[in-house]
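The listed protein sequences derive, respectively, from chains A and B. According to numbering that gives the first Met the number 0, the residues represented by the first sequence are 0 to 797, in order. According to numbering that gives the first Met the number 0, the residues represented by the second sequence are 0 to 302, in order.
Because the hints were derived from the structure by calculation, they are not lab data. If you're wondering where the values come from, they're calculated on a predicted model, not measured in any experiment. Among the clues, some could well be false.
[Unchecked claim] Sample of chain B residues facing chain A (criterion: CB under 8 Å; computed from the structure): (1) Arg13; (2) Val64; (3) Gln120; (4) Asp121; (5) Leu123; (6) Asn127; (7) Ser299.
[Unchecked claim] With a straight-line cut-off of 20 Å between C-alpha atoms, the simulated DMTMM-like cross-links for lysine to aspartate or glutamate are: (8) A/Lys136 <-> A/Asp54; (9) A/Lys398 <-> A/Glu721; (10) A/Lys700 <-> B/Glu292; (11) B/Lys250 <-> A/Glu34; (12) B/Lys126 <-> A/Asp723; (13) B/Lys65 <-> A/Glu186; (14) A/Lys686 <-> B/Glu117; (15) B/Lys244 <-> B/Glu292; (16) A/Lys688 <-> B/Asp116; (17) A/Lys688 <-> B/Glu113; (18) A/Lys543 <-> A/Glu186.
[What the hints assert, rightly or not] Label pairs and their in silico Cβ distance ranges: (19) B/Glu113 <-> A/Gly426: 44 to 50 Å; (20) A/Gly685 <-> B/Pro178: 39 to 45 Å; (21) B/Glu113 <-> A/Asp601: 26 to 32 Å; (22) A/Lys302 <-> B/Asn233: 55 to 61 Å; (23) B/Lys293 <-> A/Lys244: 56 to 62 Å.
Where is the CB? At the ideal position from N, CA and C, for every residue including glycine.
Each chain, written out:
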Amino acid sequence: MQTASGLREKVISKAVRNIKRGYTDDDSQRGMYREEIRLDLQRSRLMTESFKQTDGQAMVIRRAKALANLLDKMDIFIREHERIVGYQTSDPNGIFHPIDQNWRSVLRLVNSEAGKTLLDEEGRKELDELCAYWKGKSMSDRHQESLPEDLKRYWTYEGTFLWTQLSELGIPDYDNLFKTGLKGRIEQVRARLEEIDRTIPVDYVDQKEFLEAVIIALEAVIRFARRYASLAEAMAAQEDQPDRKAELEEVARICARVPERPPETFAEAVQFFFFIHLIRYVEYSTLGVGIRIDRLFGPFYEKDLREGRITKAEALDILQLLWIKLNELGLVYSPTVSSVYGGVASLQAVTIGGTDEAGRDVTNDLTYLVLEAARRLQLIEPSIVLRLHDGTPDELYEKAVDVIKTGIGYPSLFNDEALIPLFTRWGVPDEDVKNYAVTGCVYIEIPGKNVMRRSVGYFVLPKCLWWALHQGVDPKTGEQRGARTSDPSTFESWRDVLDAYVEQVRFFATKMEQLERINLELYEKFCPRPFYSAVVQGCIEKGKDARKWVYPSMLHHFTQVIGGTNVADAITAIRKVVFDDKKLSLPQLIRIMDNNWAGHDDIRQACLNAPKFGNDDDYADQVAREVHRLGEAAMETVKDRFGFSHRGDGSAVSATYGLAVDTPATPDGRLDGEPFADSTLAPSPGKDKKGPTAVLNSCAKIKAVETYNHLLNQKFLPKFLEDDLKPTFIGYLKTWKELNVPHIQFNIVDREKLVAAQTYPEKYADMIVRVAGFSAYFVDLSRGLQDHIIARTEQRLM
Amino acid sequence: MRSSNSGVIFNVQRFSVHDGPGIRTTVFMKGCPLRCLWCSNPESQDFSPVLMARDILCQGCGACVKACPQGAITLSRKEGRKIDRQKCDNCFQCVSACLYQSLTVCGEPMSVDEVMDEVLQDRLFYKNSGGGVTVSGGEALMQSRFVLALLEQCKKENLHTALDTSGYGKWQNMKALLPFVDLLLFDLKHLDPDEHQRTTGVDNKIILENLKKSAKYTSVWLRIPLIADFNDSNAHIKKIACLGKALGVEKISFLPYHEGGITKNRQLGKNACLLKMKAPDDKHILTLKGIVEKNGLNVSVGN
Ligand code: SF4
Ligand code: SF4
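Construct the entire structure; sequences and hints are all you get.
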């Protein structure tokens, strides 16, 4: 058995150390990547090589062949501790960048100060050559070239929304894959091919190309696993150490079997899953995991236990080894996206707990084992999502609190009672809704369905309010960028402000959707996903690539909304200072605010002292509810290319910090560029004066079912989760559930420790904090983000 | 029927986890007959509302100087904003003038209904955590009519109630409250009458009598403010434990001394106490815990 600390040392952290925009000079000195980390060009090289050979063929075939070329030729290795195998690059210190999506940002990166260690001279030369091929062919190029002039203005980030390309999730149908193996899948494809040969449907050629591509991809995956089997066998033959020899022989046996054929043991199931997960990344770099890990692997574990094939300790080993593998699947982001995430998090989350489709609790022995693996390893990824419902056993609460107490920021808690009605409203059918899982952050999907959930981008709501207060015109340039809403001097109540705000939300949501519509059409044309299509339900049956249709519901595309609390507090301040107290007129307030409050601190203080969301005060909470509710309704009037409503989402990670830089002062008393409140439900830092019960009561007033899924971060001292107070904390959690607040997660840390970690980063290199939807090493965050986390209200114990 | 009965309250603290079991709301009543040297809530001692000045929040804007009809406030570069407490007649006009919350009033009259409105907002938290309402102070017995009405109302709402008291008050008043009190948090400072008199300003005779009587009516937690070299000797704690055992109290809570009161004294314009006090060290607290446990009683630290 391997010790947790021994395993932890094996982890290769690629941590991005810094973020580009808006931070102090000091940060830029810290460098972005650890020194040993290299940009691995194999994926780019092998895909490009294949693409050059397949010019003129159908795109779906070209993508399948490119994937096959990669899987057949990329260098593979097995590290000395590994029993779960597979890697996305040719070297453990490698990171890859999806050149087929966007080559500009990787070029920018390796030529920047932060990324200069990633490639040597030769590598740079090769990268230039590879980029030359993708010029005009990468998805990003195609998108830019297709945009009409006016829309191009909105594609460029100016502060209202950041349209992002790199985010596409999806949870393969492991349940059925485990029954058929890829071999069985290929047989299904062949059957479908025979069928269309007989029936000749109107899209016969399309279907045939797609189905043939699927076979190319799946066969390549089977060969890839066999390459690992041969490698393990060869290594075993060379190995003198009998234990390791046996392990390698077992790896060889497993990789010869899965994912080609159905797994029979726990270890086989885990390896099967990992190959599929890995290749999903490599085919087209998406994020997230999303499996309901206890439900998926629990039966294999229990069967192995029953039949004496495994012990609890051995299963814990395998889980820990899997954890390490997941940890190493980092991506390279563009500097802007890095600033949003504050690290290289791949936002991988696994789900535990919750119910089956019939509403029965699914907790099993593996549920606890997963928590135990996480507690021992204390890694930033994968994050664990725990679904709580009325039937969750008390024992699971207890175990979860013990893990939360360590300060790693997870499990984060999802409330079935609040979320299931929301998904039902989104059109998820009853038979699927209770099977939801969280892929990363607070991204929710239904396993096995063609959801491919995408975040269209970050939507800065306070900037929408700012536009509403300026009739959509930038006062500096005179450009009409937002909607031409009414003149604020005519507003008679806070509701008029709200109306104008909602209009701006609708306007910008429409722009975002227009950008996205073109983007997704291009993806359908130029970036089909034959492998992914083969591992979700419906594509083979329909003979259609996953991009050509979607699982019918509103689960899909969304924008991550940021700063809703600031909008609510700002409108509340206007309500109080302008309309109730009549201290000054709205145009006067706007003028003062546009001047960043200079010379008018009295007015700023009046705005700061107005009631604020998070104090269980209806005066402010009512406004907050309307801001979220009507904002969502406005977004939902916008439809995507399949006719489903666009919507908001509370998963706005640390963008609340990074993207606030471009929003000038707002009427809540916020200064130009000052960070927004965390996530969607958190009160503004320091403004929740009535403590955590009032915070939850305020949050409960914003009903998930009429808005979206939210994210709520709370910070407590470790004491509150220990000894005598542990049952009280569990009582707090149960109330959170009963209040129907959809989500909560915790930072459990002493403020002093965070401050000390800023001064002595080397001593606190392992300290983990919850940033937003994910955990990160505190010392890896930029100074600005660190300060923001320290500033989060710490709920004191009274 | 809405009650017109009103009490002077200096804080309604939600999410209290150190004043009885579970998550609670603690209602702090103003006014106290004791003057404990270690008092952590000196703002509660006077019955009437008082002006509190937090210097670190002061921006030196001068608005309070202009607002004060008594000319009690001065602003200078050297000393910052200063309040002459002799001149001040507690009109609180400066409080409304200050935009930075540097000046606040401590204590306001509230009706039972107003308190209940706040208390009931956290009902679900009480239910799920086994919490409820704690009435504390000051000394709650000083406003026993109001407290009675409040506790009665809490019981009507089926809330768990706790009363945190120094035990210094008329037995009749206390007895009247007890039927509505599920848990009595009874503060015990010192068993020796002279020491008690010296450090709190009052004799402990009434207190001990009230303790003995009340223990027959309801569950009691004995709360000991632990102060090094004052009441933390092994012998003294043993005596308390024996008394607690004899009275059948549920547990003994140690509340180690903290310095919160010193800052507050400064904010009130009072001289901080002259005695230098500190909490016993952790090791000694463990020893004391052991003594109580040996006497067959539960013991906890901090609640
Ligand atoms: S309370 Fe009244 S008298 Fe006292 S300092 Fe303030 S304004 Fe002056
Ligand atoms: S009004 Fe407030 S901030 Fe201004 S000088 Fe007085 S105490 Fe200080």
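Against the structure, the hints:
1. Arg13: 5 Å, holds
2. Val64: Because about 15 Å separates valine 64 of chain B from the closest Cβ in chain A, which is outside the 8 Å limit, the hint is violated.
3. Gln120: 6 Å, holds
4. Asp121: 5 Å, holds
5. Leu123: Holds. Min distance 5 Å.
6. Asn127: 4 Å, holds
7. Ser299: 6 Å, holds
8. A/Lys136 <-> A/Asp54: Holds, because 12 Å separates the two Cα atoms, which is no more than 20 Å.
9. A/Lys398 <-> A/Glu721: 12 Å, holds
10. A/Lys700 <-> B/Glu292: 46 Å, violated
11. B/Lys250 <-> A/Glu34: Status violated; Cα separation ~58 Å.
12. B/Lys126 <-> A/Asp723: 17 Å, holds
13. B/Lys65 <-> A/Glu186: 88 Å, violated
14. A/Lys686 <-> B/Glu117: With a Cα-Cα distance of about 18 Å, the restraint between lysine 686 of chain A and glutamate 117 of chain B holds, given a limit of 20 Å.
15. B/Lys244 <-> B/Glu292: 10 Å, holds
16. A/Lys688 <-> B/Asp116: 17 Å, holds
17. A/Lys688 <-> B/Glu113: 18 Å, holds
18. A/Lys543 <-> A/Glu186: The hint holds at about 17 Å.
19. B/Glu113 <-> A/Gly426: 44 to 50 Å: With Cβ atoms ~46 Å apart, the hint holds.
20. A/Gly685 <-> B/Pro178: 39 to 45 Å: 42 Å, holds
21. B/Glu113 <-> A/Asp601: 26 to 32 Å: Hint holds: Cβ distance 30 Å, inside 26 to 32 Å.
22. A/Lys302 <-> B/Asn233: 55 to 61 Å: Between lysine 302 of chain A and asparagine 233 of chain B, where Cβ atoms are some 59 Å apart, the hint holds.
23. B/Lys293 <-> A/Lys244: 56 to 62 Å: Given a distance of about 58 Å, which is inside 56 to 62 Å, the answer is holds.
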